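Chains as they are written, first to last, in the working numbering: chain R, 1 to 294; chain B, 1001 to 1255.
Honestly, the hints are just simulated from the structure, not real lab data.
Some hints here could point you the wrong way.
Stated by the list, open to error - Residues of chain R clear of chain B, computed beta-carbon distances all greater than 10 Å:
id: 1; residue: V39
id: 2; residue: F107
id: 3; residue: Y109
id: 4; residue: L123
id: 5; residue: D136
id: 6; residue: L155
id: 7; residue: T194
id: 8; residue: L198
id: 9; residue: H202
id: 10; residue: Q211
id: 11; residue: L217
Unchecked claim - To give an idea of the interface, some chain R residues facing chain B are shown, with a C-beta separation under 8 Å as derived from the structure:
id: 12; residue: R114
id: 13; residue: I116
id: 14; residue: P117
id: 15; residue: S184
id: 16; residue: G188
id: 17; residue: Q189
id: 18; residue: E191
id: 19; residue: A192
id: 20; residue: A195
id: 21; residue: L196
id: 22; residue: G197
id: 23; residue: G199
Because the structure is a prediction, the values reported are computed rather than measured.
We put the CB at the ideal spot given by N, CA and C, even for glycine.
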Amino acid sequence: MTNALLSQRQTALAGATDRVAAKRHPWRIVFGLLAAAVVVWGALNLWLNPALDHGTILKYLTAESILTGVKNTIVLAVIAMVIGTVGGYLVAVMRLSHNPVLRAIGFGYVALIRSIPLLVLILFMGNLALFWSRVDIVNPFNHAEVWAGWDMNDLVTPFIASILALAINEAAYMGEVIRSGLRSVDQGQREAATALGLGSRHTMSKVILPQAMRVILPPAGSQFVTMIKMTSLVSVIAGGDLLTEAQNIAATNLRTLELLVIASAWYLLVTGIATIGQSILEHRLERGQRRVSI
Amino acid sequence: MAPTTLLDISEVHKFYASHHVLKGVSLQVPEGTVACLLGPSGSGKSTLLRCINHLESIDAGRITMDGTTLAYEERNGQMHQRPRTTVDRQRQDIGMVFQHFNLFPHYTVLQNITLAPSLLKKTSKAKATVRALELLEKVGLADKRNAYPSSLSGGQQQRVAIARALAMEPKVMLFDEPTSALDPELVGEVLKVMKDLAAGGMTMIVVTHEMSFAREVADSVVVMDAGIIIESGTPAEIFDNPQQERTRDFLRHVR
Ligand SMILES: Nc1ncnc2c1ncn2[C@@H]1O[C@H](COP(=O)(O)OP(=O)(O)OP(=O)(O)O)[C@@H](O)[C@H]1O
Ligand SMILES: [Mg+2]
């Protein structure tokens, strides 16, 4: 309680009898101090561990390749999230479609992708050249004349493969998030828009989606925070992300522990910023929350 | 000279799966008149209204407005659904007011009213706003233009919903139990707006349980039961001298 509030109370209760004493919580202090001591001890123990070379950490914390890795991680997460969200919207619309074939495809996609571990998907994408070694655009009439062609390994670099895998995975999860958002909007809203003569496009963009956003944005925000951490998995195909760069350095100086600490520090920073952004967003949504009272 | 028929509903049939909900309903609504639709719950009143602006498809029959068949066109002796864009254009001429208002909660009162005209009519935003303010004046809510629907009473919300429908300058207004979700003390303000509208010459079809409104405002009263129109006539004919036993039965129950 603020001091102003306290003194206001004192004045208001000046003449009152049988005043109730403030409740005391002696054990709260004891347990609080104990818990804090354990945490500090644990942190110091980790940081002061002789196996950890602080010089290495400081030296490489802002090394150029680490910074490139951080940048790549952010770029990966953002692009995969954007593609995943667009893909997720398509999946959601398919799953809510009246067309049974589209519905089945949407359902199958989500079921399939959700049951394949992301790591496996990343390995698949990293080895696309084993499926198709080349991509050629051939004259469809004689099948001989090649108009343009690429080697798969040039076309789908590890970085592109990483984006593909993360986006394909994200589309399945965002599909579910967006679907439940769209379904949360009252059927009467669609009917009112339709009755006004708004076409399906305007009905979606001006009436349904803006309301669905309230339901979609909070989980989409945490999907993004998760995405930042999941990018680390692409290090298995040398996707160029933060962990890839940290491991490259560790492979030469054998300071694995130190470079993991460096990577963790950066992940902490980036996800921290994203989390703060997300909670600002959620607060805004809550403040702007407006419901029809019927 | 009798006014021309604006809306002509002819032998309309509607099924929900195997449930025959409308069994050949025919109804003519002359321009500038008010038809009140009465009938017990489940008799198909809402379904009939929703078929007019094609919120529901029909299985047989036709509905024409100003001589144009709504939502369907005849080809090779069969009725085929028109393209969605055509149906949407036809819907612009049909205003609808719902029992639960269905205002857009993320828009202000003014935005609710200007949304459709500014998107669909080639009028400027400024003109749409001027027109919206006129309509708000008409329904007595000019001071609420910047409020959000959630801060309004049910009666106020329904009046905004009426203004929203009117903003598209429809030729006919459909009301599906517009006062049934309202607290009794709020019913009057909505009925007053509807009376003014009728007096101004709007063609209206009103599903309602407000018998005094029907008696006072309706040009014709139509009684439905189990998917057919069992009786129709002037308010005096229906209320004072009903011919059908089921009409008498229904009127006894609502009184
Ligand atoms: N979407 C639907 N699917 C299946 N059956 C429906 C649907 N909508 C309405 N029905 C059925 O159609 C019949 C007519 O319903 P309708 O809503 O038109 O009645 P109503 O006269 O408006 O009744 P009320 O006074 O209760 O609003 C009812 O038996 C109802 O159960
Ligand atoms: Mg009804």
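Evaluation of the provided hints:
no.	hint	in the structure
1	V39	holds (44 Å)
2	F107	holds (24 Å)
3	Y109	holds (27 Å)
4	L123	holds (44 Å)
5	D136	holds (40 Å)
6	L155	holds (40 Å)
7	T194	violated (6 Å)
8	L198	violated (6 Å)
9	H202	violated (6 Å)
10	Q211	violated (6 Å)
11	L217	holds (13 Å)
12	R114	violated (31 Å)
13	I116	violated (37 Å)
14	P117	violated (39 Å)
15	S184	violated (12 Å)
16	G188	holds (4 Å)
17	Q189	holds (6 Å)
18	E191	holds (6 Å)
19	A192	holds (4 Å)
20	A195	holds (4 Å)
21	L196	holds (4 Å)
22	G197	holds (4 Å)
23	G199	holds (5 Å)
When the structure is compared with the earlier hints, violations turn up for hints 7, 8, 9, 10, 12, 13, 14 and 15 and for no others.
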